[in-house]
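Given chain P's structure and the hints, the job is docking chains V, L and G onto it.
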Amino acid sequence: MEKAIDKTGVRIGMWIFLYSEIILFGGLFVLYAVYFHNFPEDFATGGKELNRIIGTINTLVLLISSFTVAASITAVQRQKTGQAIALILFSLGCGLLFLVNKYFEWGAKFAHGLYPNSDRLYEEGPGFNIFFGLYYTITGLHGLHVIIGMILLSISLVLVIRGRVTAQRFAMLENSGLYWHLVDLIWIYVFPLFYLVL
Amino acid sequence: MEEEQEHQLSYRFLALILGGLVVLTAVTVGVSYVDWGFLNVPISLFVASCKATLVLLFFMHIKYEGLAIKVSFISTVIFLAIMISFTFWDVAFR
Amino acid sequence: MSTVTEHRDSQHFPAEHASFFATTSPPGQKGIWAWLLTHDHKRLALMYLWAVFFWLTLALLLGLALRVELMAIGETIMPADVYNAVFTLHGVIMIFLFVIPAIPAIFGNFMLPIQIGADDVFFPRLNLLSWYLYMLGGAVAIVSLFTGDGFADTGWTFYVPFSVTTETNVSLTVSAAFILGMSSLLTGLNFVTTVHRMRVKDMGWLQIPLFTWSLYATAWVQILATPVVSITLVLVVLERFLNIGLFDPDRGGDPLLYQHLFWMYSHPAVYIMILPGMGVISEIIPVFSRKAIFGYKGIVVSSLAIAIAGSLVWAHHMYTSGMSDVSVFVFSLLTFLVAIPSAIKVFSWVSTMYKGSILMTPPLLLALVFIYLFTVGGLTGLVIGAAGTNIHVHDTHFIVAHFHFTMFGGTGFAFFAALHFWWPKMFGLMYNFKRAYLGAILATVGFIFHYVPMFILGMQGMPRRYFDYLPQFETGNFLAGFGGILLVAGILLMFVNLWLSFVSRERAEGDPWGGTTLEWAVPSPPPVHNFIDVPRILDYPYDFSEVLRRAAEREKGN
Amino acid sequence: MDPVRGVDLAFWYILGISIILLIGITVVMIVFVIKYRRSKHPVPVDIRDNLNLEVVWTVLPTLIALTMFWVGWQSYLGLRNVPEDALEIDVAGQMFSWIFVYPNDKETENQLVVPLGRAVKLNISSWDVLHSFYIPSYRIKVDAVRGMDTYAWFRADKAGEYDILCTEFCGLGHSQMVAKLRIVPEEQYLAWLEEDE
Chain P
48 MEKAIDKTGV
58 RIGMWIFLYS
68 EIILFGGLFV
78 LYAVYFHNFP
88 EDFATGGKEL
98 NRIIGTINTL
108 VLLISSFTVA
118 ASITAVQRQK
128 TGQAIALILF
138 SLGCGLLFLV
148 NKYFEWGAKF
158 AHGLYPNSDR
168 LYEEGPGFNI
178 FFGLYYTITG
188 LHGLHVIIGM
198 ILLSISLVLV
208 IRGRVTAQRF
218 AMLENSGLYW
228 HLVDLIWIYV
238 FPLFYLVL
Chain V
2 MEEEQEHQLS
12 YRFLALILGG
22 LVVLTAVTVG
32 VSYVDWGFLN
42 VPISLFVASC
52 KATLVLLFFM
62 HIKYEGLAIK
72 VSFISTVIFL
82 AIMISFTFWD
92 VAFR
Chain L
71 MSTVTEHRDS
81 QHFPAEHASF
91 FATTSPPGQK
101 GIWAWLLTHD
111 HKRLALMYLW
121 AVFFWLTLAL
131 LLGLALRVEL
141 MAIGETIMPA
151 DVYNAVFTLH
161 GVIMIFLFVI
171 PAIPAIFGNF
181 MLPIQIGADD
191 VFFPRLNLLS
201 WYLYMLGGAV
211 AIVSLFTGDG
221 FADTGWTFYV
231 PFSVTTETNV
241 SLTVSAAFIL
251 GMSSLLTGLN
261 FVTTVHRMRV
271 KDMGWLQIPL
281 FTWSLYATAW
291 VQILATPVVS
301 ITLVLVVLER
311 FLNIGLFDPD
321 RGGDPLLYQH
331 LFWMYSHPAV
341 YIMILPGMGV
351 ISEIIPVFSR
361 KAIFGYKGIV
371 VSSLAIAIAG
381 SLVWAHHMYT
391 SGMSDVSVFV
401 FSLLTFLVAI
411 PSAIKVFSWV
421 STMYKGSILM
431 TPPLLLALVF
441 IYLFTVGGLT
451 GLVIGAAGTN
461 IHVHDTHFIV
471 AHFHFTMFGG
481 TGFAFFAALH
491 FWWPKMFGLM
501 YNFKRAYLGA
511 ILATVGFIFH
521 YVPMFILGMQ
531 GMPRRYFDYL
541 PQFETGNFLA
551 GFGGILLVAG
561 ILLMFVNLWL
571 SFVSRERAEG
581 DPWGGTTLEW
591 AVPSPPPVHN
601 FIDVPRILDY
611 PYDFSEVLRR
621 AAEREKGN
Chain G
1273 MDPVRGVDLA
1283 FWYILGISII
1293 LLIGITVVMI
1303 VFVIKYRRSK
1313 HPVPVDIRDN
1323 LNLEVVWTVL
1333 PTLIALTMFW
1343 VGWQSYLGLR
1353 NVPEDALEID
1363 VAGQMFSWIF
1373 VYPNDKETEN
1383 QLVVPLGRAV
1393 KLNISSWDVL
1403 HSFYIPSYRI
1413 KVDAVRGMDT
1423 YAWFRADKAG
1433 EYDILCTEFC
1443 GLGHSQMVAK
1453 LRIVPEEQYL
1463 AWLEEDE
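Residue numbers (the numbering used here), protein chains in the order written: chain P, 48 to 245; chain V, 2 to 95; chain L, 71 to 628; chain G, 1273 to 1469.
Isolated chain P, as found in the complex (with noise of 0.2 Å):
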């Protein structure tokens, strides 16, 4: 079984996972899509209850971790191995800021008494309503993914620590970082869709 990894083959199996998981919040999205078309301006009002600057600085933090991420690899593919070490664990940070942004900015929605099930959601009409718990249980899933993402980076920062992610064999990195970009490309979409609706 002395066979060279197929890398390809790997990355094709892996992109097969995005693919599901792309289809996962797919489903979520045919659900914003037709409620969108129900209550286009109870969206608009809930849309301006969320945090346009948190959303915004969200957005950078994972685009920059995005990068981080994809130099890694070139880090990897160069031997720099400290400077691998360092770009992952820049983005790790930036994955634990964006949790800690969401953190207060749930935190914030909770204060104001907007939260799934709550009194404010059911005196605030059915449109309004919708569009929280669209947007707690997308949210919530890609924190979820971020926190996932987080986990695969950790292992790929291990093994780059010591010396198991090397520039002939990095499948480990490539996967998670591939894994760090959906999560980036998700939020790409989540971020207009309910932050910038008017």
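Quick caveat, the hints were computed from the structure, so don't treat them as lab data.
Quick reminder that beta carbons are idealized off the backbone N, C-alpha and C, glycines included.
Wrong hints could be hidden among the right ones.
What the hints assert, rightly or not - EDC-like cross-link-like pairs, simulated, lysine to aspartate or glutamate; straight-line CA separation at most 16 Å:
id, chain 1, residue 1, chain 2, residue 2
1, L, K425, G, E1360
2, L, K367, G, D1321
3, L, K367, G, E1326
4, P, K95, V, E66
5, L, K425, G, D1421
6, L, K271, P, D53
7, P, K54, V, E66
To be verified - Partner residues aside, some chain L positions facing chain G, computed with beta carbon under 10 Å:
id, residue
8, S418
9, T445
10, D465
Then chains V, L and G, alone, in the frame of chain P:
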């Protein structure tokens, strides 16, 4: 499997992409303060798709992948589009 | 069997290549661990086989219990709440633990790598994980039986709002379905990657055997459709715990959207269920006709067409749901177009036998029964696909009969056919033909007695999921129950007969039937490394000239 | 055309063609298995495909399928296009009975009485989970959904008693959710409408 060439992207190039993404983010946030009527959603989705394309092509290296990944990715997107649009045969006409 | 003696000489296979039963992979594992930690696709296939046997038998008996309950009006052997839980359990087990995984996980795992000349699937460890997820999903389903307020009583469709409001243990049942979905998705991922990357160099896309083709098409549906139901089931659980209201009409939700999402997966899922079965039939018919499959390309294209078009027709389960008439129009039209590729396959199978040299064997008999039952299922599907007639029979016993004809008469009988076709390959043992024929005939007769009355009941207007019924439905229900007993008896006889092959230990040769695909070029049972040398690939995968030449030689030798 | 007749014709059309196809396929299959059995026909003929034949059996079924679609769709339209003079009655499904509300606010449970010869439009909704309103004799069925109005109609053309069933699984009493449709002469209906239950 011997033609396995690894594509290496320079830091400078990746940073350039990041720059593009940041600019597009600024555009979409800026645009959102203006009311374009029913064009609001298409515009922000268009900008988002530009960003997504950049991430896919370069950060995710799809530009350098073989046909299998490219075709299957596009099929996935088409399937997603069908899921959303075919639901509207019902929702839009009810 | 004396009638089937055209085996390749066992001398072709040197004795030192011990079977995969005797060699562990990874090496050095002992006892039970040699199975529980194995990476070998063949061992995993057998592990699936035993698990599937268990679930299938359980679900068959549950189904029989349902029909016995219905044989007479009023409560006979179980009360209504038990009945509701039992039909849900029957559906959940049959769909998620038998019909979806059976053929891909058992025969796909075993044959797909061999058919393309590979040593194993691309991700062997992931394959093991899929098996554990499968077992975990089954375990969760069992746990949900005995915890909380009992097994879900919603039917396997889990329609909201009922599934959100009912007291029973829907959350756990749904989690089982979610885990099983993961398992099937990972198997699909593995198959696609394997087919793309591990084919023997000489094997082009149009030299891939049809069974592998059908699994490849299925795998894509598994990958792209399964996540939809995963997220939908997650939403049901979230609704139950957090009461978000995404499907609650009082709070802006639309219960019909649940149905859209559910069928977006579950309609393609019926093609996940049937396509591998069609692949099995496409292998069996040419082998026993000793003749090239008629229209290889047509079958490949129709497999892909079914996979693609099958994803466009989900809302034909919803004509009466109150969705828009435009939607009914579009989905009805598309439904009729999806019928065509299935028809093409049936025509191709039948034409394959034209001017062939046909040898009757249990697998062939079961394959012919498949064609008959599946055709009935498909044709009654036309009644259901048409908008006006659908309204009358929707959610009645007509539907029950229709989907059992396709899923059980189709996939179920394809599964039995595959068992009898590949059993000698998997174990190196041949079973008794007489008992196999008897079991198959009994099951077929029972099947027809069981489900044809249900068509009539449905036309008369008896709804499905009915614990009790009006007097006019009594005769039909009695007949159906009677047929059910025959059916289960026939199937159990088939299983017992296969089991008895372990007792009689009649050796089967590497190629007992005279097949052309690669699994017949390796010993039975195959060694742990499937191929010693790079196998030779036929230009056309169903070229029987070699098989005929060998048969002629042996004729001369006699 | 009367909608019931339309649906029945569609049934006969589709089932008829299906039965012919089924018999054809089955007979051909059996004939081949017997005629070309190995003991009589040891050497097969190598036929791999035939483009013309394949095109024919793709195009022809497509055309047949399209006519079936059309017949089915026309009969569906019959069920959906309500005559203007229809008598409107509100129907609500609940666990586990059907509630009928008449134009004069008379309310009945599990009993639908309508005048002979009139078209009747039923506006259907649900008070709790999904139900499905089904009158087999009139080939109508539509789900009762909370928060949504659906409808079905039929022409009460023959006096008598008919079954009304629930076809969407709704819980423990699903199979007990049976109501009666009574079609009575106009004057009897009017008298019934005024009496208190």
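Item checked: Enumerated hints in conflict with the structure, sorted upward -> Checked against the structure, the hints that fail are numbers 1, 4 and 5, while the rest are satisfied.
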